[in-house]
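Colleague: So the chains spell out like this:
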Amino acid sequence: MFEPLKPNKNMKNKRMLLLPLLVLPFSSCNKFLDVNKDPFLPQEAQPHLYLPQLIYAMGEGPMFDVRFIGRYVQYWQQTTPNENYDRMGRRPIGGGLVGSQTYRNHYWAIGSNLNQIQRIAKERNLRSYQGICTAIRAYSWQISTDLFGEMPYRQAWDNTLATFEYDSQKFIYQETDKLCDQALRELDDRSGIPDPNLPRFESIYGGDIDKWKRFVFAIKARLANHISNKRAYNPQRVIELVDQSFRGNNDDALLRFTTTPGVRSDLYSFMGPSRANFNANRQGRMIVNLLNGTHFNNVTDPRLLGMFVPNATTNVVHGLVPTQGIPAGQTANFPTIYGKYIHQDGAPYPLVTYSELQFIKAEAAFRLGNRDMAYAAFVNGIRAHMERVGIAPAAINSYLQTAIPQSGADLELRHIMSQKYIALYGQIEIWADLRRYNYDGNIFMGFQIPTNLAVENNGKPVQRMLPPSFSEEDWNSANFRANGGYDIDYHTKPMWFATNED
Amino acid sequence: MNMKRLYQIGYALLLICWAAVVFAQQRTLSGRVTSAEDGQPMPGVNVTIKGQNRGAVTDVDGRFVLSVDANAKVLVFSFVGMKTREVDIGAQSVFDIVMQPDTRELREVVVTAFGIERSKQEVSYAVQEVKGEELAETLRPNVLNSLQGRIAGINVGLTVGTPGASSQIVLRGATSMDGNNQPLFVVDGVPVDNSTMREGFIVGDAPNRNSDYTNRIADLNPNDIESVTVLKGPAAAALYGVDAAGGAIIITTKKGKKGTMKIEYSANSQWERITRFPKTQDVYGFNPFASGTLTATTSTATAPNVIMGFWGAEIPPGTPRYNNLRSVFQWGFNQIHNINISGGSDLFTYNASGSVFRQNGSIPNTKFDRNTFRLSTGAKLSEKIRLTTSVQYTSSFAKRPPVTKGAGSAYNIALTWPNTRDIRNTRGEDGALTGIADINNDGQPDDVFDNPFFNLERNITQDKTNRVLLNGSFSYDVLDWLNLTGRLGYDNYYTYGMTFYDPQSWARYPNRNIARLVGGVFAEYENKSSLLNSFLLINAKKKFGDFNTALTLGNYTEDKLYRVDSRYGENLADPDLLSISSTALATREVITRGTQRRLVSVFGELKADYKNMVYLSITGRNDWSSTMPRANRSFFYPSISGNAVISEILGLESTDKVSFAKARISYAEVGKDAPPHQVLPALQEFTRTGGGYNVGFFGPNPNLVPERTTSFEAGFDVKFLGNRLGVDFTYYRMTSRNQIVQPRLSYASGYILQIVNSGEVENRGVEIVLNANPIRTNDFDWSLIGNFALNRNKVLSLPNGYSEFYLSDTWLAGGARAGYVPGESILTITGNTMRRDANGNIIIANTGALAGYPIRENTYTKIGNRQPLFNLGLTNNLKYKNFTLSFLFDLRWGGDVFNATDWALTNLGLSMRTLQRGQRVVFEGVLPDGTPNTREVELNRAYFSSLGTGSTAPGLIEELFIEKNIKALRLRDVTFTYTMPKNIFTDSKFVKSLQLTATGTNLWLLTNYTGADPDVNGLNASARGSGAMGFDYYSVPAPIALALGLRASF
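Protein sequences appear in the order of chains H and Z. Just so we're aligned: 421 in this note's numbering is position 421 of the first sequence, and the numbers increase by one with no gaps anywhere. Just so we're aligned: 1179 in this note's numbering is position 677 of the second sequence, and the numbers increase by one with no gaps anywhere.
Simulated from the structure, these hints should not be mistaken for laboratory data. It is possible that part of the hints are untrue.
Unchecked claim - Calculated cross-link-like contacts (lysine to aspartate or glutamate; reagent style EDC-like; alpha-carbon spacing at most 20 Å):
1. H:Lys37 with Z:Asp1061
2. H:Lys31 with Z:Asp1061
3. H:Lys37 with Z:Asp1067
4. Z:Lys1109 with Z:Glu1150
5. H:Lys37 with Z:Glu1187
Kindly generate the complete structure, drawing on both the sequences and the hints.
Modeller: The following block contains the structure:
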């Protein structure tokens, strides 16, 4: 038999010994094969390089999902009649990412990037990132659980698992509040190496730690306020939290977009004309009636034309009746929704605002019985929002003197919540309030649950969004099913935060 | 050394030689060798003197002359494929030798791994060969497409019938749920690239549905191919390693042969036309579901499928009709010219070829052009050292429809264009481009589309590839039993592709903008691929008594680099300047993507046989792949195979009824590595304000191990009646475990997808190859080859215990997709069904607007299986004097197709099934409470169509559009050849032979499929896993073609 490795007397066969050496280049083999890093993209980046996408994702989820939530809360409706979301319908089974971008962003575009930033920042002792990251994580949990209810919390981001168990919303609320406390501690720890890139790349507050602390208190205030139907609700505590949060419009957490015209459309706001996501939507009747004087002392709110586009001829702003679509022959009354306020290419999208917090305070103070405090916060809230819309000071003062109650004594909860409804236009946050008050048309003036609710609702109004079918129906089905996710009316299952359960 | 000294030495040497000649020469023998088969003289027969190292070779006329000495007793005549004859010399000096064919089919030499030629008798696994000439005669520009039906167990699917389209090829059955299942392509011993451009690498990240790119094996000129050998199982491919887990296709190109220079020229002209279209209803007129009109102020279509509606009144009698499909699909014409020059001496051979191919597709303004040049040489540097080199240059150019298939394609629009309107009118009464606009009345141009003529004329989608293939090898016979072979291959190509959408066009660039809204779109990409590989092989052969042994040790090293640079811009300053510099600076996007993979392998094969009767072969291979985690990058896999030539053992003769019999068995394992850069995936660029990076879709997996396929194969090969009838039977079973899959998973993981090892797929099958030569006379010869293949495929388990795992790219239309379900075929279609009770009764809705109709079940369960029951290809070759006729029938029997085209046409009201509108029926089924349904309902628009209703129509439930058990008998190729009688050219110094051919392609199809053609593919060939064969969604079928040609040699 042929045996090449055995020494042989034959000279020619000795040469054979060298051949296996040529054949087996082991020595350099490992180095030669170490090419599994992508040649054109990094596998890990400096922490600041993750920030632009991270901050965008904080607003992307709400902006995407408010397309549908905006129809539930009646900020806008569909141009065609009997539309499913106008009727508070659910996304269909297998409906993919419809109305659930926030869910995807929470775990992926926000969560996984936070995990990387925090790990890398820790390795490099860039501590200033930790508190900001934890604050963003808390914000993301808050907006996500408010849309989707029960979610995997304890098993989240363990990508050695194939399925993920759900945790209750109560647990998520508790943990999110703890995350806020952790964020405050981390924000106070200024011992690490400062990163000059942080202020340049962190576009919400430019790395201002104090403002981030106020942001954390804002999230804590939201959490504390959302449980207003529970025994544990403590309005005094809510007021304290608001007082530690934003001090003015300058503290607003905004997602900013370029105002340079003519650039690529994906650099512009999702709410604006270039992105063309609201082509089939027009402002709803309710928001128009809140602004045109129907509910506020027959005074036309200067924000009506500050926020919405009127009929070009009559200069009257019309609102769509939910589920009715644009009535025949009324096309001119309903020009596209673009052009004003947040519906502009370069307009910033609000994440959390001073105005919102003042309304939280107003509500808490009102419930506490402190009418003067409530009234002051109520006016602050209106003024702040009017300033954000760009209303002139004289017009603001005129409105404040004519349209609204002139003292705490005349103030009612419906004034607070309806003004909050106006101030939170285009945001998902108002939905939490509508659910807390069970879509009460006396609290939110003019709100009417559609009479022709979608069939799947079984007569009940919508309470939650469904998580992406690509994620939970398809790949986490056992846990999703156990949580009732396959019930045809799962979207009407009440949220823990809005109930009186402890 | 001075001149004088040299002279002396030379003189001395000359003397010695003379002396040898003088003393040895006794007498001269001569003779002629002919073949027993046809009586023709046999050139190239070796004539040697037994026991001496002397001999001669017969010339062109079969004659030889040989000087022998007194010691010469016996002459030995040998020739590959013929029985060796020994003849006593005696006193004879003139020999007339007739040689008999060797029944052990030594003649059937096949090229196996590393380009080693083996007699078929030696091979212990299924291997099949087709001659290049046979493939070239079919005149298919992409050589892959001519393999269907000619090889048992091969499944070639043209993805679309437009020029330069890609073809997907799968041998036996798909083994990887999520990986590449295409075989490895090897040209002259070195692997070459057959990838298809992946849209994920260019700006826009489109899902490979609407555009097509050529698969790069189409860069080969079919006329350069000497033979194609298909190694089907992992056993055959065990030596080629990871890339050959799906089999290997070994292409051998033409080489020069010793002799005078031979020049061959061939030219063909071909006319093609797409003729097969689905039938549409012609009773009810166009009436868009909202208020749009056809002569709107705007044109062009991003999504005609949600805009057009044919729910109008009956078309009044006498209304003129236009055949819009006929207007769009015209006669295409192509030409190929090919020249081949070859020849050589004992020491040097050469073969040079050039070809020019020009195709104008049947859709206006579509093209595929290809020029190739190839030179290969062989040199014998000494008795022991041989050298071969080849260089090939190809330039390919494809001009494609901007949307090749699917929604928005010219086919889609032409099919759905109202036939009461002439599609050739690209302008309406108001002078604006004709289209459909603003149907949902939202003031937004998101529901308009281009007239295809405008689209094809003004928008440009094209790509050009320059490719160089270099191949060099040396072979050194170190000892008479030891050979060293080295081989180096370099495959480099550069593709430049571009898309231009006219500023007036309503076409939308994938995931970007509508050209008209942004002042036009220009995008381009450059794709650079280089594949460098080397082989080093040590071959040793030794005979021990009756045992022959051979050992091969080898090393393979590969470095593959793939890079795509792409750019995108809008708002062209000068729409005539097709350059990125014409686009507005602020709109520009640039990305670079790419992969690198390196592979190092060592392997060995030990073969032994006993008296050429019983063969055994053992192989082992260890691969180190760069794509695996460091700890798992080394993996070993073995194979063992054996065969017994029973006819030899039993001593059967060629005259016996059973003239040859062989049985074979083999077991093999093969590994498969991961896609590059997936163990720790890269971040992705954030392209919005601020830039930077963020995590991508894929989660990391540092514990990934190679996928593994084990295969068992057994078969026999029997020939009867002097080899005039032969049957080759193979059974195989392959199991792929530890599949490397990239399933989606709950976002709670932090990622969208995760690369994991999970899942198991089994393939079992039978292949039968039948060869027969029923008639063989001097004037008339009829032979036929039948290829039968049957594959059964089963997904044994899915990743993460999922009950369904799907390929999201195949989710082309409606609720149906390529989904894997445990226990079912890998070619399963999952989709929405009608709701049924436990007894299988259809449940009928009792309440609501859809009361009386079946209820849609929005979950994904098995609704079809694309796997045919079997495939049969039958080639007939008939020869009468100077005429030959060969034709190939291809039969597909069984397997389901998702007719998504009909699904979409039903929604529009164009499908023939919508002619039932207005009928009143009682659906058979039960109400939710179990009682039988008795409610009569109308088959109205709401039943058939979801357009504008906001609900999902029960008549659109995808289950209803699975066409079951599709059978298709196709006349794939017909070639008729007339060879001019030789005697015409006997006096010609110039032309030596002339052949005229007529060819027909895809001329006839008989099928129970109601759509255009069941053999279409919803995606392009870059799709992974089971791909989208059997998904018919506005996919242009292959054209029929007719050609005339001539072939001359000089």
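Colleague: Compare the structure with each hint and give your call.
Modeller: Here is how each hint holds up against the structure:
{"no.": "1", "hint": "H:Lys37 with Z:Asp1061", "result": "14 Å, holds"}
{"no.": "2", "hint": "H:Lys31 with Z:Asp1061", "result": "13 Å, holds"}
{"no.": "3", "hint": "H:Lys37 with Z:Asp1067", "result": "18 Å, holds"}
{"no.": "4", "hint": "Z:Lys1109 with Z:Glu1150", "result": "19 Å, holds"}
{"no.": "5", "hint": "H:Lys37 with Z:Glu1187", "result": "15 Å, holds"}
Going through the hint list in order, the structure satisfies each hint without exception.
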